[in-house]
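Visitor: Chain by chain, the residues run as shown.
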Amino acid sequence: MAKLNMVKALNLALHEEMERDPDVLIIGEDVGVDGGVFRVTEDLHRKFGGRRVIDSPLAEAAIIGTSVGMALYGLKPICEIQFSGFAFQCFHQIENHAARYRTRSQGRFHCQLVIRMPYGGGVRALEHHTESEEQFYAQIPGLKMVIPSGPRTARGLLVSAIRDPDPVIFFEAKGLYHAAREDVPDETEALPIGRAQVVQEGKDLTLIAYGAMLRVAREATQVLHDEDGVEAEVIDLLTISPLDRETLVASVQKTGRAVVVHEAPKSFGAGAEIAASIMEGAFLSLEAPIRRVAAYDVSFVGFAREKATVPDVARVVAACRQTLAF
Amino acid sequence: MPRRVLEPPFAIEHLSILDSDGNLDTSLEPEIPPDGLKRLYRAMLLGRRLDERMVRLQRQGRIGTFAPIKGQEASQMGSVFTLRPTDWMVPSFRETAAMIYRGWPIEKMLLFFAGYLEGGRPAPDQHDLPITIPVATQVPHAVGLAYAAQYRGDDAVVMVFFGDGATSEGDFHEALNFAGVWHVPVVFLCQNNQWAISVPLKKQTHSRTLAQKALAYGFPGIQVDGNDVLAVYAASREAVERARGGGGPTLIECVTYRLGVHTTADDPTKYRSEEEVKAWEQKDPLTRFSQYLQKKNLLEERLEEQIDAEIAAAVQRFEATGAADPLTMFDHVYAELPPDLEAEREELREQLEKSAPRRSDEEVPPPLPMRGQRRTSRWQN
Chain P
1 MAKLNMVKAL NLALHEEMER DPDVLIIGED VGVDGGVFRV TEDLHRKFGG
51 RRVIDSPLAE AAIIGTSVGM ALYGLKPICE IQFSGFAFQC FHQIENHAAR
101 YRTRSQGRFH CQLVIRMPYG GGVRALEHHT ESEEQFYAQI PGLKMVIPSG
151 PRTARGLLVS AIRDPDPVIF FEAKGLYHAA REDVPDETEA LPIGRAQVVQ
201 EGKDLTLIAY GAMLRVAREA TQVLHDEDGV EAEVIDLLTI SPLDRETLVA
251 SVQKTGRAVV VHEAPKSFGA GAEIAASIME GAFLSLEAPI RRVAAYDVSF
301 VGFAREKATV PDVARVVAAC RQTLAF
Chain Y
1 MPRRVLEPPF AIEHLSILDS DGNLDTSLEP EIPPDGLKRL YRAMLLGRRL
51 DERMVRLQRQ GRIGTFAPIK GQEASQMGSV FTLRPTDWMV PSFRETAAMI
101 YRGWPIEKML LFFAGYLEGG RPAPDQHDLP ITIPVATQVP HAVGLAYAAQ
151 YRGDDAVVMV FFGDGATSEG DFHEALNFAG VWHVPVVFLC QNNQWAISVP
201 LKKQTHSRTL AQKALAYGFP GIQVDGNDVL AVYAASREAV ERARGGGGPT
251 LIECVTYRLG VHTTADDPTK YRSEEEVKAW EQKDPLTRFS QYLQKKNLLE
301 ERLEEQIDAE IAAAVQRFEA TGAADPLTMF DHVYAELPPD LEAEREELRE
351 QLEKSAPRRS DEEVPPPLPM RGQRRTSRWQ N
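Keeping their order, the protein sequence lines are chains P and Y. So that you can map any letter, position 123 of the first sequence is 123 in this note's numbering, and since no number is skipped, the others follow by simple counting. So that you can map any letter, position 367 of the second sequence is 367 in this note's numbering, and since no number is skipped, the others follow by simple counting.
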């Protein structure tokens, strides 16, 4: 076990998979000599050379578009989009092609590629550098949408994403990059995509979160425990799509109450799909309406106001109390 | 400090070998063996005859909307003819003749335009991508394929097809830029047919040629008479050889004309004149190539009949295809069916069992027109 922050854990996964499989390569802006603006690809250029760690021209659509071509040939590109807010310039390549090639060619071709993007707030950054857009990808058939919550899940899920034969959108919470260090196993660990983890067991309420919001949710359960004597169960979603409905439903069948937390705007977000799934699967167990704690439905607020819209412990605690008091 | 010239003034070549009056520049005439010339003509004629047949099939409601190639046979056949089977062809949606030459069975092409997913599946050993509909978005795929070929040490060349309208899209420019920087073995084949649906070339770009756009990206561009199959062949062979020899990408602009509709849902009389079409009909690529072959005594007798019989047999096979099994829609979304899709598939299966026997085909609504198109009353009748 080594104690690593999330940047180092991601970097470890990239080293491991590039050593294991010569078809794996990296492409993106500043990913080579510079090692990425967040240093996630550090040292890979030196180790594997410029043909495998490609400092691409500055053009998101062609980063994904050429990666689709490489994947059709049988390579396994890992693309870095510098910030998720810039991915709309390549959204058509993701939706029109990466996600559809398997269907379009009826299995003759597929796109084994990973698209890594830093997302989310908490780093005092400008517009397009703080947003959360997972819902756009989660809705696309053919894609998988993964968001780790810390160093260990980041490493384990990135390994699985690289090995996954389908295209994976891999969101990395910027606020978590250097937030905490965690024990990461020395042996390569591949965590299953499509599986949520119950990270804390409880009987009174289910709190569902992912990415940077997991820590907020866990801190909220501590407050609820200390001040209200509530035992909350916490689910780390890890994969947004395909959604692990089974784990969600099983938990709410036990607790009867659910609160979902995410950084993306509330309306039409992952929380809505999660709530609907719980309704469909655990309706008769529900003691209260499912609540969503999410960013307000505004496009962006600037970091001077960011704390007012990104869910914090107080908002999560308040929502849980309302749910418990219903 | 005086102003200095950093780049010399550029020039774009225009290549024409066999003009519409049948004049041949023998100094430029490419060496194609007689058998090759015959195959080339056959593929062009097949493209034309199939096109005409497909228009009828569409009018009869037996296939959906498609994009006819009439007038562009030389551009797509002269170019694709220079590829090896191990090279890659990346089509847009108006390359029927070239795709069939590359190995797509005619009935599979018909299935595609009849809305069957099965029509999009290339054979396992075929180095061809399926039809791509969003304009220019396939161009970066070709650059990625070429990068991968180079990365693996294969000597494959990639040829990607697109039209004049595509050169306005960002994906086109990004792809050319990447190809230039990476110096990969790719040939960009632009079929400049003068019209992007209703928008003429002069509204598409202020550049004198489309070929010159390559120069900004640091590699050669050439304009050819796209209705002269010998010129298209010569330019393509040069570009393919350059790419295979490590010389990097080339942009070829084939100046041609779409003699027919944009798609079968389009009515070109709204935006272009009869005279213009008539003038281009005089430059028909098939006429001048058949005259060239006639002089060489290479025109096969009853070729048209043979081709029509081949098409008729393919249409029969196409029509013998059973109804599309709805359940297979789930087969190729992911490598493995996730639980959600498994459940949806089961739901559909139960529903299908309940609703059997199936309703008649007459109740299936007609297919929707392609991008930017409306149905005109003329075609609805």
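Source of the hints: derived by calculation from the structure; they are not laboratory data. Please note that a few of the clues may not be correct.
[As the list claims (entries may be wrong)] Cβ pair distances, simulated, as ranges:
#1 P:Ala276 / Y:His206: 35 to 41 Å
#2 P:His178 / Y:Val5: 49 to 55 Å
#3 Y:Glu274 / P:Ala272: 36 to 42 Å
#4 Y:Thr328 / P:Gly281: 23 to 29 Å
#5 Y:Asp125 / P:Pro192: 46 to 52 Å
#6 Y:Ala11 / P:Glu127: 29 to 35 Å
#7 P:His128 / Y:Glu347: 35 to 41 Å
#8 Y:Thr86 / P:Phe268: 43 to 49 Å
#9 P:Arg124 / Y:Ala11: 50 to 56 Å
#10 P:Pro165 / Y:Glu346: 20 to 26 Å
#11 Y:Thr328 / P:Asp312: 31 to 37 Å
#12 Y:Thr86 / P:Ala272: 22 to 28 Å
[Claimed, not checked] Anything over 10 Å on all C-beta distances counts as not near chain P; from chain Y, calculated:
#13 Arg152
#14 Leu215
#15 Glu319
[Claimed, not checked] Short derived list, chain Y residues pointing at chain P, Cβ under 10 Å:
#16 Ile131
#17 Thr132
#18 Val158
#19 Thr269
#20 Ala335
The beta-carbon is built from N, C-alpha and C at its ideal position, and this holds for glycine as well.
Visitor: Against this structure, judge whether each hint is valid.
Guide: Status of each hint after checking the structure:
1. P:Ala276 / Y:His206: 35 to 41 Å: Violated, since Ala276 of chain P and His206 of chain Y (Cβ atoms, about 52 Å apart) do not stay within the stated range.
2. P:His178 / Y:Val5: 49 to 55 Å: 50 Å, holds
3. Y:Glu274 / P:Ala272: 36 to 42 Å: 56 Å, violated
4. Y:Thr328 / P:Gly281: 23 to 29 Å: Once the Cβ atoms are compared, 28 Å apart, the range 23 to 29 Å for Gly281 of chain P and Thr328 of chain Y holds.
5. Y:Asp125 / P:Pro192: 46 to 52 Å: At roughly 34 Å between Cβ atoms, Pro192 of chain P and Asp125 of chain Y fall outside 46 to 52 Å, so the hint is violated.
6. Y:Ala11 / P:Glu127: 29 to 35 Å: 45 Å, violated
7. P:His128 / Y:Glu347: 35 to 41 Å: 40 Å, holds
8. Y:Thr86 / P:Phe268: 43 to 49 Å: 47 Å, holds
9. P:Arg124 / Y:Ala11: 50 to 56 Å: For Ala11 of chain Y against Arg124 of chain P, whose Cβ atoms are near 53 Å apart, the range 50 to 56 Å holds.
10. P:Pro165 / Y:Glu346: 20 to 26 Å: The hint (20 to 26 Å, Cβ to Cβ) holds, given that Pro165 of chain P and Glu346 of chain Y are roughly 23 Å apart.
11. Y:Thr328 / P:Asp312: 31 to 37 Å: 48 Å, violated
12. Y:Thr86 / P:Ala272: 22 to 28 Å: 49 Å, violated
13. Arg152: 7 Å, violated
14. Leu215: Check passes; 17 Å lies beyond 10 Å.
15. Glu319: 20 Å, holds
16. Ile131: Holds - the Cβ of Ile131 of chain Y comes within 10 Å of chain P, reaching about 8 Å at its closest.
17. Thr132: Status holds, d = 8 Å.
18. Val158: 8 Å, holds
19. Thr269: 32 Å, violated
20. Ala335: 4 Å, holds
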